[in-house]
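One-letter residues, chain by chain:
2 protein chains.
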Amino acid sequence: MEPEVLELESFLPYRLYRLADTVSREFSRIYKERHGLTRPEWRTLSGLGERGTMTATELGDQSAMHKTKVSRAVAELERRRWLTRTPDENDRRVEHLALTKAGLAAYREMVPLAKAFERELLARLSEDERAAIVKGVVALEVALSAL
Amino acid sequence: MEPEVLELESFLPYRLYRLADTVSREFSRIYKERHGLTRPEWRTLSGLGERGTMTATELGDQSAMHKTKVSRAVAELERRRWLTRTPDENDRRVEHLALTKAGLAAYREMVPLAKAFERELLARLSEDERAAIVKGVVALEVALSAL
DNA sequence: CCAAACTGGTTTCATTTGTAACCATCGAAA
DNA sequence: TTTCGATGGTTACAAATGAAACCAGTTTGG
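Quick mapping for you: the protein sequence lines, in order, are chains U and F.
In short: position in the first sequence from 1, add 19, done, that's our numbering.
In short: position in the second sequence from 1, add 19, done, that's our numbering.
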């Protein structure tokens, strides 16, 4: 007779979520304090900063956000004049989004902070452990994508 | 001159979050479809199922939930008559929470499903990869707890 | 050509969440 | 004891989220 109890403390979905939540919450302080950005806004900013120009749909794919989140984040960044929309020539439903000078400046300011955050977090791990987390995450990503 | 660009696709906080979000969302279908539970409600149920009796504060600590989430989840489970509150003898602020028969039945029904979910997810990884994800997660948990 | 199905993106509405204020009780120190 | 700070827990309010409806505009098939 199996003891039908679930040990939350060693249940992977729970641990993963708690871990990601903690990391993300900690990291969010950076863009929240600095510029009052929400996570969707930060992701939009960094997506455009990285790739230059994208449509809302592409942004959603790249940053794994629901399209309503993208829509609202884009609207807010536009309100701040951090990005502009350019209608597509051929398909009038589509808009190409790009950062303005101000948006790019904010992005450039955030990048080193983001990198430092990651670096400091990983610095607390051994070389082995760093390799392990990367390997594990990749494996799970693959496992889930084939779902 | 460093190219001040952040590759979102390999940025650990982002990957971790996306991964946890996907896993959690997938898993939530189980308790959402089966019983219409929210995540806080599920965590409350499983916390009490595992430990028997806890106070709201203990529940919050064990399951890493903010006290308002706990409070609301407890209220809902009580409304369903899945748990009862018993006032503490010595400290009248404290209530001891425990599952009723119905709550326990729901819990017992969920446990195998949760275990199966985890098992099937991990079954897609190699032995090495399973070891890696566990090692990596533990290391990050430790790193963060010392923060 | 035209209707139907589809796609990019926005909006509406209900639900969930976080923050902060709050109430009651407790414990420690004066 | 009385007072004051901490603690267990709830509530009020604002902000974030998700689902589904929606509005163009586009494509496809007849």
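Hints listed in this document are in silico derivations from the structure and should not be mistaken for laboratory results.
Where hints are given, some of them may not hold.
Remember, identical chains collapse to one label, so a pair may be satisfied in a single copy or spanning two.
[Said to hold, decoys possible] Below, computed lysine-lysine pairings styled on DSBU-like, alpha-carbon distance capped at 30 Å:
#1 Lys120 x Lys154
#2 Lys134 x Lys88
#3 Lys51 x Lys134
#4 Lys86 x Lys51
#5 Lys120 x Lys88
Hint check:
no.: 1; hint: Lys120 x Lys154; result: neither (38 Å within a copy, 43 Å between copies)
no.: 2; hint: Lys134 x Lys88; result: within (24 Å within a copy, 32 Å between copies)
no.: 3; hint: Lys51 x Lys134; result: within (16 Å within a copy, 37 Å between copies)
no.: 4; hint: Lys86 x Lys51; result: both (22 Å within a copy, 23 Å between copies)
no.: 5; hint: Lys120 x Lys88; result: within (23 Å within a copy, 41 Å between copies)
Violated hints amount to a single one, hint 1; each of the other numbered hints is respected by the structure.
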